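Undergrad: In case you want the letters, here they are:
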Amino acid sequence: MKLNKTVLALAISAVILSGCSEDEKDASLVDGTQNAASGINDASTSGFNNGAGVSGSEMGGSGMYPNAGIGPEFSDPNNPLSKSTIYFMLDSSQVQDDFVPVIAAHAQYLLAHPDQHVVMEGHGDERGSREYNIALGEQRAKSVASMMKVQGVADGQLNVVSYGEEKPASFEHDEASWELNRRVELVYQGK
Amino acid sequence: MNFFRKILLMCLVGFYVPSSYAELTIEITEGIESALPISVVPFAMQGPSGVPVDVSFIVDADLGRSGYFKTLDKQSMPGRPSTAEEVQFKDWQAIGQNYLVIGQVTEDRGQYNVQFQLFDVYKSGQLMGFRMTSSAADLRRTAHHISDLIFEKLTGKKGVFSGRIAYINSSRQGRQSNHMLQISDADGFNAQTIASSVEPLMSPAWSPDGRKIAYVSFEKKSAAIYIQTLATGDRARVAEFPGINGAPSWSPDGTKLALTLSKDGSPDIYTLNLLTRSLTKLTNSFAIDTEPTWSPDGSSIVFTSDRGGKPQLYIMSSQGGEQKRLTFSGSYNARASFSPDGKNIAMVHGNGSDYRIAVMDMATKSVNVITDGRSDESPSFAPNGSTILYASRKGNVAYLSAVSLDGKMQQKLVFDSNDIREPAWSP
Chain A
0 MKLNKTVLAL
10 AISAVILSGC
20 SEDEKDASLV
30 DGTQNAASGI
40 NDASTSGFNN
50 GAGVSGSEMG
60 GSGMYPNAGI
70 GPEFSDPNNP
80 LSKSTIYFML
90 DSSQVQDDFV
100 PVIAAHAQYL
110 LAHPDQHVVM
120 EGHGDERGSR
130 EYNIALGEQR
140 AKSVASMMKV
150 QGVADGQLNV
160 VSYGEEKPAS
170 FEHDEASWEL
180 NRRVELVYQG
190 K
Chain B
0 MNFFRKILLM
10 CLVGFYVPSS
20 YAELTIEITE
30 GIESALPISV
40 VPFAMQGPSG
50 VPVDVSFIVD
60 ADLGRSGYFK
70 TLDKQSMPGR
80 PSTAEEVQFK
90 DWQAIGQNYL
100 VIGQVTEDRG
110 QYNVQFQLFD
120 VYKSGQLMGF
130 RMTSSAADLR
140 RTAHHISDLI
150 FEKLTGKKGV
160 FSGRIAYINS
170 SRQGRQSNHM
180 LQISDADGFN
190 AQTIASSVEP
200 LMSPAWSPDG
210 RKIAYVSFEK
220 KSAAIYIQTL
230 ATGDRARVAE
240 FPGINGAPSW
250 SPDGTKLALT
260 LSKDGSPDIY
270 TLNLLTRSLT
280 KLTNSFAIDT
290 EPTWSPDGSS
300 IVFTSDRGGK
310 PQLYIMSSQG
320 GEQKRLTFSG
330 SYNARASFSP
340 DGKNIAMVHG
350 NGSDYRIAVM
360 DMATKSVNVI
370 TDGRSDESPS
380 FAPNGSTILY
390 ASRKGNVAYL
400 SAVSLDGKMQ
410 QKLVFDSNDI
420 REPAWSP
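Sequence lines, in order, name chains A and B.
Per numbering that gives the first Met the number 0, residue 0 is the first one in the first sequence, and the count goes up by one each step.
Per numbering that gives the first Met the number 0, residue 0 is the first one in the second sequence, and the count goes up by one each step.
Treat the hints as calculated values from the structure; they're not laboratory data.
Heads up, some of the hints might be wrong.
Which chain A residues face chain B? A few, computed with CB under 10 angstroms, are given here [as the list claims (entries may be wrong)]:
#1 K82
#2 V94
#3 D96
#4 D97
#5 E130
#6 L135
#7 E137
#8 V160
#9 K166
Everything numeric in this text was worked out from a predicted model, so none of it was measured.
Glycine residues also receive a C-beta, built at the ideal position from the N, C-alpha and C atoms.
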């Protein structure tokens, strides 16, 4: 039905309308045709809802202990495994000293559980350009991954994805939020 | 075969239901002082069932929004002529109007005949007159086309009112986000969602013929680049390597895509031949190389790299080879966009705390910062090169804004969404 519109091209016929002055000659009208209003008016594409079964499930950062389902140690506040987010300084992908023991604990866990897989999601704050922040987020995730590999974790247990600034943990637009958003989240995939 | 498939697809999909009306307000935050006074008299409308779109209102809004014109409100008009015979030039001269637009819209068996005339008030003469036929659905486009004709006649520059913009629009409920790739008219109306996902969508890029859009989707929880054909909605996944698949940019001839991949380690610039699907690696640094953009003649690619410590712009041949640093002022220069004539590039320019849009003259390499926001990003040139569309943010509201190349004219486009970004002006 919408196809008709393409066929019924917007026809423009330039005609001389009655002018009323000595300039009328200059006003002689141009022959013009406008192309059919093709394209997106007819595109009823709309969304692709296949999203690979991604429904309302939240990604990391939900609740206190996002990996609690993996084992009891992940929700024990005295266990470093309960920490699953590594924070970074502005424009940096260097792991700060505070987080070295956290990464070491996860590495030990993965070594002891070779059937477990973890995705390291790299994120950035909203400042600067978006694709550059994707690259920065990946560098952050990769520096966490490389620390784990140094401790012997198998490549196959580790996966890296960067969301840049596209999935903030905090939605405000101030320094406090930016600090929370410059992060790598460790998301266990279960067995 | 293909043709029938298209028809079938359209029948299946049915008619489009607007997913969101971009109810838009435009604030001209700064105008140029030399704006030309013009009166767009409400067009006479005739038809048994009325005219669904106020054509003259749209023309008035377009011209006013351009910053080049100062339009007259209806109440101040000395008359409502709709034919040349009814025009009393002296009345319009008396109130300082330079130009006058009159017109009529007449319904004729479901179609609309739209005619307008543009007059020079002081010379008491017609400058232009057109008559066009439009379906009801195309009346808005017809109005924008009229604006383009008037704009070009009076400024000598191509109008951009008939163009479209693509952008990413997100909505959020709690922690659940929905991301939409939308296309609207240049004034924000007729917004249509062409892709949506609960996972992020990014970096829309128009093909040079305006028929396709390349973009990044995380719908599979990892990045992939898709090319979607607008008329059919068909799409193809063209890059899905381990790691980053990002920053797609079309070559001017439409045969290649420059993109960022990190499959070999650090992010590097590649070109993907869209016919053969062959990949060519253009950069090979240990640093971040991303955000490639082609010069309009296709000879060079400008990209962002932090190989010198901070992100700066570099330039190389589109075949690869030597890479030269382009930007030296400011601690952060990224996301370049070429002007259509290749003489300028717009970029995101950071000075440590604020990120603004800057324009570099490619001949002199001088850089001029043209916006004053705190987080301005994603500059995109209008096809006539006179305006740059970009994304900005104030408080919790993310919006699109347009600025003239010299920074003197600014307009803010406010959609009914609080999170709208990454605008890309259609070719």
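Undergrad: Run every hint past the structure and note whether it holds.
TA: Now for the hints, and whether the structure bears them out:
no.: 1; hint: K82; result: violated, 20 angstroms
no.: 2; hint: V94; result: violated, 17 angstroms
no.: 3; hint: D96; result: violated, 22 angstroms
no.: 4; hint: D97; result: violated, 25 angstroms
no.: 5; hint: E130; result: holds, 4 angstroms
no.: 6; hint: L135; result: holds, 7 angstroms
no.: 7; hint: E137; result: holds, 6 angstroms
no.: 8; hint: V160; result: holds, 5 angstroms
no.: 9; hint: K166; result: holds, 6 angstroms
The structure fails to meet hints 1, 2, 3, 4 from the earlier list, while all remaining hints are met.
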